[in-house]
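Number of protein chains: 2
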Amino acid sequence: MEEIEAQIERFIKEVDDSALELYSHASKGKRLRAKLILKIAGENESSYKLAAIVEMIHAASLLHDDVIDESLTRRGSDSINALYGDKTAIMLGDILYSKGFLELVSYDREISEAISDAVAKLSVGEMMDVTLSENINLDQALYFEMIYKKTAVLIEATAKSAAYLSGKDAEAFALYGKNLGLAFQIIDDVLDITMSDLQLGKPSLADFKEGKTTLPYIYLFESLNQEDTQTLNALYKKELSGEESRWIRTKMQESGAVLKSIELAQKLGYEALEAIAFDKNSDLERVMREMIERDF
Amino acid sequence: MEEIEAQIERFIKEVDDSALELYSHASKGKRLRAKLILKIAGENESSYKLAAIVEMIHAASLLHDDVIDESLTRRGSDSINALYGDKTAIMLGDILYSKGFLELVSYDREISEAISDAVAKLSVGEMMDVTLSENINLDQALYFEMIYKKTAVLIEATAKSAAYLSGKDAEAFALYGKNLGLAFQIIDDVLDITMSDLQLGKPSLADFKEGKTTLPYIYLFESLNQEDTQTLNALYKKELSGEESRWIRTKMQESGAVLKSIELAQKLGYEALEAIAFDKNSDLERVMREMIERDF
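So the protein lines, in turn, are chains A and B. Each residue of the first sequence is one higher than the last, beginning at 711 in the numbering used here. Each residue of the second sequence is one higher than the last, beginning at 711 in the numbering used here.
Isolated chain A, as found in the complex (with noise of 0.2 Å):
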């Protein structure tokens, strides 16, 4: 990965050296979509500066989104608008989205295509998480809709991509890249409520404080008598306190909204898997297994 985080590093300072200072103190993140071009196409030039690419757009919407969503911290450190204001994240995003344009252009049109019509669901799907976090969501079919926009397209079209790349079958790639982004977004999600804050890096039960009504919260809300109802709807956009939080957890392991949710993830990990097994590549295997898997 030293190879991909120097290419970033060369890429931004080709645009400006300023840019780059900044860049220095932005959270560098999982790496996830660059593991998985490496792991799809192998090491080489090509595979490097596409990873580079992927991981700068990426980068460039989480910039964008910790504006939107006035998130202070990422990845336990403060995020760039913390640090330095909502206009210099706006700009260097600006600036890593357009310089991963730019470099995109040289690759074949299938792979720049792919990748752009992904950033152009996806700024959408930021919209959408936005507009859906104004009220209280119950309809499975949006929050799909939108976790698919928001996070999936782009490891959708990552793998695609990837797979092109190196003359791999394509669309079995692409489905793999897109339901391991919705199991990734939906165990988020669930992490989001079983975890302490310390855990997290950043405040648990933030999501439900935001507006969001996540999968496990639709569960739960389809599983409560009338009482708990009114009492959940009446936290909703709430600062909670200890026994609030204590009861929103309670509530989700008691009528496996929680459980429901896991295996729905495990259940697209285990198709993303079906998907690419004739590749017989244990390493993509490893990734949805050490995702899917784990303790929550």
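A portion of the hints provided could be inaccurate.
Stated by the list, open to error - Derived DSS-like pairs (lysine-lysine); straight-line CA-CA distance at most 27 Å:
#1 Lys919(A) - Lys797(B)
#2 Lys919(B) - Lys797(A)
#3 Lys738(B) - Lys797(A)
#4 Lys797(B) - Lys912(A)
#5 Lys948(A) - Lys797(B)
#6 Lys797(A) - Lys797(B)
#7 Lys797(A) - Lys947(B)
#8 Lys947(A) - Lys797(B)
#9 Lys797(A) - Lys948(B)
To be verified - Computed list of chain A residues with no C-beta within reach of chain B, every gap over 12 Å:
#10 Leu848
#11 Ser876
#12 Glu995
The set of hints was computed from the structure by calculation and includes no laboratory data. The C-beta atom is built at its ideal place from N, Cα and C for all residues, glycine as well.
Add chain B to chain A, keeping to what the hints say.
Leaving out everything else, chain B in the frame of chain A:
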């Protein structure tokens, strides 16, 4: 131009209906870049689409600029950030950028590369503009680099791409576009000083209040005696009284700072015309003359 507006709307609708609704409230601007493309490349499907793409990218950059500059008006109307908040303006900008890039991919690499390279520079230009606005900047080279990146670079890439599309001399048209863009920005900076609020459709003398020492201010500082320099320094980033505004305007005229700026813009304009004199395109000459030969 109706065809261009319809094409922009089709493009945005392909991404998201609610984005189109939002876009309908955005200022449409002068469509200078679209006009350039049609006047260089003629009217056909390919030039309509390229014009729509460039206008979407330009609109995206203005949406983000208005958030960054905290501008509440755009061409005399409420800006999108004033109407719907910063978040919405950032997201709509991201949607327009990414759809623009997605459509750009279908053009030859010479075109997609020229435009996406311009967008990367444009983001850096906006960052330079913000950085230079922190203190009084008297460095002409930095001012010219900033207005080149912030304004001229996309007009340069637009003219170059249109020439490429129609088999004309791309470098000559690039030079035309670059000089047109520089002249345009200098004149914009002059009008901030010479025009009334009513004529501008926004508060005049806003640049200096926002920390921007545009070319006329650089020339003015070069010509003032010590006492007047201190007076001007004291007005930097201040809300100006009527008397203070009149003082700046009088000094701008007396010192010749405004005239010198206009003459430089005109010189650039005539150089632009020279670059494409071989094309004998009276429309393009008129675009330039209308801009540089008006009353100030």
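Outcome of the hint check:
1. Between the alpha carbons of Lys919(A) and Lys797(B) the distance comes to roughly 18 Å, so the proposed pair stays at or under 27 Å and holds.
2. About 18 Å separates the Cα atoms of Lys919(B) and Lys797(A), which keeps this hinted pair within 27 Å; it holds.
3. Under the criterion of a C-alpha separation no larger than 27 Å, the hint pairing Lys738(B) with Lys797(A) is consistent with the structure, at around 24 Å.
4. Among the hinted pairs, Lys797(B) with Lys912(A) is consistent with the structure: their alpha-carbon atoms are about 22 Å apart, no more than 27 Å.
5. Of the supplied pair hints, the one linking Lys948(A) and Lys797(B) holds, its CA atoms being roughly 21 Å apart against a limit of 27 Å.
6. Using a Cα cut-off of 27 Å, the hinted pair Lys797(A) and Lys797(B) holds, with the two alpha carbons roughly 12 Å apart.
7. For a cut-off of 27 Å, the pair hint linking Lys797(A) to Lys947(B) stands: about 18 Å separates their Cα positions.
8. Annotation: proposed proximity of Lys947(A) to Lys797(B) holds, straight-line Cα distance about 19 Å (limit 27 Å).
9. With a CA separation close to 21 Å, the supplied pair Lys797(A) and Lys948(B) stays within the 27 Å bound.
10. The claim that Leu848(A) lies off the interface holds: its Cβ sits roughly 20 Å from the closest Cβ of chain B, which is beyond the 12 Å cut-off.
11. The non-interface label for Ser876(A) is consistent with chain B: the shortest C-beta to C-beta separation is roughly 21 Å, beyond 12 Å.
12. With a least CB separation of 32 Å from chain B, Glu995(A) remains clear of the 12 Å interface cut-off, as annotated.
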